[in-house]
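Asks: Top line first, the protein sequences correspond to chains X and V. Sequential numbering of the first sequence, starting at 40, is according to this note's numbering. Sequential numbering of the second sequence, starting at 3, is according to this note's numbering.
Read the hints as simulated data drawn from the structure, not as lab findings. We put the CB at the ideal spot given by N, CA and C, even for glycine.
Which chain V residues face chain X? A few, computed with CB under 10 Å, are given here:
| # | residue |
| --- | --- |
| 1 | Gly-46 |
| 2 | Trp-198 |
| 3 | Pro-254 |
The calculated label-pair distances, taken between Cβ atoms and stated as ranges, are:
| # | chain 1 | residue 1 | chain 2 | residue 2 | range |
| --- | --- | --- | --- | --- | --- |
| 4 | V | Thr-189 | X | Ile-214 | 26 to 34 Å |
| 5 | X | Ala-178 | V | Asn-97 | 28 to 36 Å |
| 6 | V | Glu-179 | X | Thr-137 | 45 to 53 Å |
| 7 | V | Lys-100 | X | Val-356 | 36 to 44 Å |
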Amino acid sequence: MTPRTRATLEFVLDNLVWFMLLAVLAIFSLTVPNYFQIGIFANIIEQSSFVGVMAIGLALVIIAGHMDLSVESVGGLSAMVTGILFCGAGIGMGIVLTPDWLMVPVSLLIALAVGATVGAVNGLLIVKVKMNAFIVTLAAYIWVRGLVVALSGGRSAQDLSPAIRWIGIQRIASIPLVAWIAIACFVIFSLIMARTPFGRHLLMIGGNQAAAFRAGIKVDRILIIAFVLAGAIAGLSGWLLAIRTSGATANLGVGMLFNAFAAVVIGGVSLKGGVGALPGVYAGVLLLSAINTAINLMGLPAHFTQMIHGGLVLAAVLLDTLKLTIKQRLA
Amino acid sequence: MKRILLAVIGIAALAMALISPAFAQSKGKVYYMVPTLLDEFQTGSVSALEMFLKQVGYEMQTLNADNKTDVQQSQMNDVIALKPAAIILAAVDFNALKPSIEAARAAGIPVVEFDRQITSTPSDFTSVAGTVEIGYVAAGEVQRLLTERYGSVKGKVLQVLGDPSDPYTLDIQKGFEEKMAAFPDVTIVSLPAMQWEASNAGTIVSDQLLANPDIDLIFNHAAHLSVAAVASLEAAGKKPGEILVMSSNGAPVGLDLIRKGWLQVEVEQPLYAQAAAVAMFMDKIVGKQEIKPGEYDVLGLTGTLTIESWGPNIRLPGAAITKDNVEDPAFWGNLKPPASAVTSVE
Chain X
40 MTPRTRATLE
50 FVLDNLVWFM
60 LLAVLAIFSL
70 TVPNYFQIGI
80 FANIIEQSSF
90 VGVMAIGLAL
100 VIIAGHMDLS
110 VESVGGLSAM
120 VTGILFCGAG
130 IGMGIVLTPD
140 WLMVPVSLLI
150 ALAVGATVGA
160 VNGLLIVKVK
170 MNAFIVTLAA
180 YIWVRGLVVA
190 LSGGRSAQDL
200 SPAIRWIGIQ
210 RIASIPLVAW
220 IAIACFVIFS
230 LIMARTPFGR
240 HLLMIGGNQA
250 AAFRAGIKVD
260 RILIIAFVLA
270 GAIAGLSGWL
280 LAIRTSGATA
290 NLGVGMLFNA
300 FAAVVIGGVS
310 LKGGVGALPG
320 VYAGVLLLSA
330 INTAINLMGL
340 PAHFTQMIHG
350 GLVLAAVLLD
360 TLKLTIKQRL
370 A
Chain V
3 MKRILLAVIG
13 IAALAMALIS
23 PAFAQSKGKV
33 YYMVPTLLDE
43 FQTGSVSALE
53 MFLKQVGYEM
63 QTLNADNKTD
73 VQQSQMNDVI
83 ALKPAAIILA
93 AVDFNALKPS
103 IEAARAAGIP
113 VVEFDRQITS
123 TPSDFTSVAG
133 TVEIGYVAAG
143 EVQRLLTERY
153 GSVKGKVLQV
163 LGDPSDPYTL
173 DIQKGFEEKM
183 AAFPDVTIVS
193 LPAMQWEASN
203 AGTIVSDQLL
213 ANPDIDLIFN
223 HAAHLSVAAV
233 ASLEAAGKKP
243 GEILVMSSNG
253 APVGLDLIRK
263 GWLQVEVEQP
273 LYAQAAAVAM
283 FMDKIVGKQE
293 IKPGEYDVLG
303 LTGTLTIESW
313 GPNIRLPGAA
323 ITKDNVEDPA
333 FWGNLKPPAS
343 AVTSVE
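Throw the hints in and build the complete structure from the sequences for me.
Replies: As structure tokens, then:
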């Protein structure tokens, strides 16, 4: 194999998820009626925003060698808190601030704080009390959703304040503002992972926690920060969801954890920790959103939707596994 | 330490003594097996049943199955062991609970089906609006709305289902499409909002507005799905009434959307009447007395009670809520429980 061929192959393998995305978009554009249009592509980008943002926090924790199953419920809790405070109907309190624009940063800060608080609880239990991350965050997945039901009484908040809701309606260059926010998050956190000591340390801790500790890295502090960030980012995802649906229901966000996990794995983040980059995760989220949109447009019987969705995700993950096998052989 | 322990035991004993007289006045404890508390109708049903049962002298305890069939089956087993006066069941899976119902009745515990009709095995009482019938009412309203718009029943309808594993939504779909089959000029596009999750409904509407820009009407199988659907319409630049929207179950969110002009019809499940009917017949159910067929006044609605192969079945008519009658306090979505107490049927 010539060096040039090898370099090309490695480039393709490193960015396989992007090539998969392009291939999937091309196939669906040719075979699914009404798929190939700007509006549909904008929808795919918008619809990937919520799971995408959630997947950022999840990816950070997985890269650090741990797990966070609570992100979906944290998103639901943040959405409900936002709804209760700033919706004008249902169980919404209809809080209004003067000037109006203040409601955006205030509601965002509250959503981030709610998420960060749960993240901090998770982090402390896992890092300081040395509990298993899977169990702690699984428990959080359950109790946080329970808190949503308890806070809301099973009821909905709707009619989000226009001062906040406008974010869900605005577009820049035909792409919804919500999507731009998600893209900005990916760019910022990709830079943090690639260019800051925090990012490098997170990778090192995920690769070998003991070695990172012996190298003088403050492992406990960085891990707790990772869990707090995961919670806060899940809170942001919930805030965006509340904006998207102009309110909140007790089951908002249910089912997103699977998609976030799938996106993280498809995006090349190793579940063992220490390996992965966020751009790939974004491509994974876009891929899943593209598949979901195709299913919506194909008009398949409802009974088969879930089976097809799971099958396509499995295919994407299998391709990613194949990539790793080929990379190992090249090495 | 010993004194503290004795004091705690003493207080607990006193508390139990105070509670006991309350139990002595109750006719018995009824367990309500609710399928989920993530839905406004279900959470409303808990309050309504508790209130009406208390009025006729029964206590109620609720167990939430969290939409899991196996959990509800376990709960049924546990409750059977407690030998309650009766069990009220809103099944997660209509057919999977059949053995549990039979086990309860074999143990001498009457079983009441609430809202979700189980016809595969006898129960002691069933109180429903009828999910298939909700589909019928919805179809009637679609026919009316399309006729008002076009002069005849024609156009394109986007039907947003709930979770496709939920027989409740499948029954509504069945009833709706059965009645709409008589109108070949109406195209129906049906898609499921997985796990009844609102943002999935929003996604469906966003995509379908592009794939089928000639959609005339959106029919959501729950009011909370309409909230997200309307948000997507708003984001797409639509105005209230430009695309007709309707939903079913009668939740407060649906009535709010009617008031704002986004929703044209909400097909209500008469939650208060369904719950009141259970309470009205509870003495007969617990006492295993004969329940006579006929028409009964249930909170002003005419309930038709028939004896079916699955037992006594009272059907209460669901109403179509529009802007003309949206303020009617009888609709549970206005959250105004009836002022007068229900009484037991003689």
